[in-house]
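Numbering (UniProt numbering), first residue to last: 1 to 367.
Keep in mind the hints are simulated off the structure, nothing from the lab. Remember, predicted model here, so these are calculated numbers, not experimental data. Glycine included, each C-beta is placed from N, C-alpha and C at the ideal position. Please note that the accuracy of each hint is not assured.
Stated by the list, open to error - Here are the simulated lysine-lysine pairs, DSSO-like style, with alpha carbons at most 30 Å apart:
| id | residue 1 | residue 2 |
| --- | --- | --- |
| 1 | Lys158 | Lys36 |
| 2 | Lys181 | Lys194 |
| 3 | Lys194 | Lys183 |
| 4 | Lys181 | Lys66 |
| 5 | Lys183 | Lys36 |
| 6 | Lys350 | Lys36 |
Stated by the list, open to error - Across the chosen pairs, the derived CB separations fall in these ranges:
| id | residue 1 | residue 2 | range |
| --- | --- | --- | --- |
| 7 | Arg281 | Ile180 | 43 to 49 Å |
| 8 | Asn193 | Lys66 | 51 to 57 Å |
| 9 | Phe302 | Arg278 | 33 to 39 Å |
| 10 | Ser311 | Trp247 | 49 to 55 Å |
| 11 | Leu139 | Leu197 | 21 to 27 Å |
| 12 | Phe302 | Ser245 | 21 to 27 Å |
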Amino acid sequence: MNSSRGFSTTLESARKPGVSPLVSPPQPIISDEFYKIFFICTMPCIQFFNVAGIITNIINIIVFVKLGRAESTNISFQALAICDLVLSVLSVWTFTSTSLRLYPVSLPFEPYSVTILTGSGLWNFVVRWGALLTAYISLERCLCILKPLKVKRILTPKVTTVAVLVMLVLTVGPAVYLHIKYKFVWKAVPPLNKTILVVIRIKTPEVLLLGAVVNAFAGLMQPIAAFVTVVVCTVYLGIYLGRASAWRRATTSAAANTVKAPGKGTQEETSTSQKEQRVIRMVISIAVVFIVCVTPSTVHIFIMGIFPQVSFDAQYANIFNTMFLLSCLGSSVNASVNIFIYHRMGSRYKTVFRQIFRIVDKDSTSN
């Protein structure tokens, strides 16, 4: 038997006796050999960003804990860091376990199927929590621009904490369906004279109906709604920031031609405006990175919705697996780069970060 064919995911149910496929298997669009090479080339990059994501998000969590919960934005960023940390850990386990299929290692479990319940399956739900958090952060900043005083009274730290928990329940809660759709069983392997732990799929009418509801809500509506919200809010924030910069340049030019005594109120307004614009720039940067990195996953969702045969256990399994790799790569990058945005654009974050690692500015040492 071809080893690469055993490595890739195929329509197992169609190979079982007594079960006939709906259509005759056509020539695969993506071959087993191509997918195996693509996996070997992509997996080290994904694992690199996963490890980086674990390290950077632990740092992010520590910094945001020290910043406190007085501002709702810090709570949202802290939740996003926790989400990215969980995603990175799940991704490390998923690809470490899956890569074991490349080597003749005798294990008490089947790596790929077991990760459905312990890795990749959970990853799919947690990544949607991150998408909703990013959408919430972007939408909150837009509302602060439209109704600043009213929104700050409504979106208090307590309200933001509740919103974060509600989003967690809405996105990760449906993961319970995985334990209804799949179950662990011990399978005898006569050639090895042993039994191994595998995951099998349950295909009763009730489970299939529940799966259709969960996939429509958690697999289609949630990620697409979050993606569209982030895109719309990012465009609006970009337009607002451009107008604010033009207004500031015009105001500065007018002030330069007018003799006016310096006032404390003007300085405070300028300081507040600059702080607000720094936060907006940081949110825009996070949102842009999110849009770029999540686009492969969004395309993946659309394709699976249009073509049901694109699934890990269906006719075009290699297309599904290849796009899943691209989605994981984008998610891993997105989960690991936020620390650079926070450090570059967040003055308070940078201060606490440097205090933790005892980094001293060169200017202060020279003085």
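Here is what the structure says about each hint:
Annotation: proposed proximity of lysine 158 to lysine 36 is violated, straight-line Cα distance about 48 Å (limit 30 Å). Taking the CA atoms of lysine 181 and lysine 194, the gap is about 26 Å. The hint holds against a cut of 30 Å. Only pairs whose Cα atoms come within 30 Å are accepted, and lysine 194 paired with lysine 183 is accepted, the gap being roughly 20 Å. Pair hint lysine 181 plus lysine 66 does not hold up; C-alpha atoms about 41 Å apart against a cutoff of 30 Å.
Using a Cα cut-off of 30 Å, the hinted pair lysine 183 and lysine 36 holds, with the two alpha carbons roughly 27 Å apart. Of the pairs offered as hints, the one joining lysine 350 and lysine 36 is violated, with about 42 Å between alpha carbons and a cut-off of 30 Å exceeded. Hint check: arginine 281 to isoleucine 180, Cβ distance near 44 Å, so the stated range 43 to 49 Å holds. About 56 Å separates the C-beta atoms of asparagine 193 and lysine 66, a value consistent with the hinted range of 51 to 57 Å.
The beta-carbon spacing between phenylalanine 302 and arginine 278, approximately 35 Å, falls within the hinted interval of 33 to 39 Å. The supplied range of 49 to 55 Å is met by serine 311 and tryptophan 247, whose beta-carbon atoms lie about 51 Å from each other. For leucine 139 paired with leucine 197, a C-beta distance near 43 Å fails the hint of 21 to 27 Å. Separation of phenylalanine 302 from serine 245 is about 36 Å and departs from the stated range, judged on CB atoms against 21 to 27 Å.
Figure legend: structure checked against the earlier numbered hints; hints not met, in rising order: 1, 4, 6, 11, 12.
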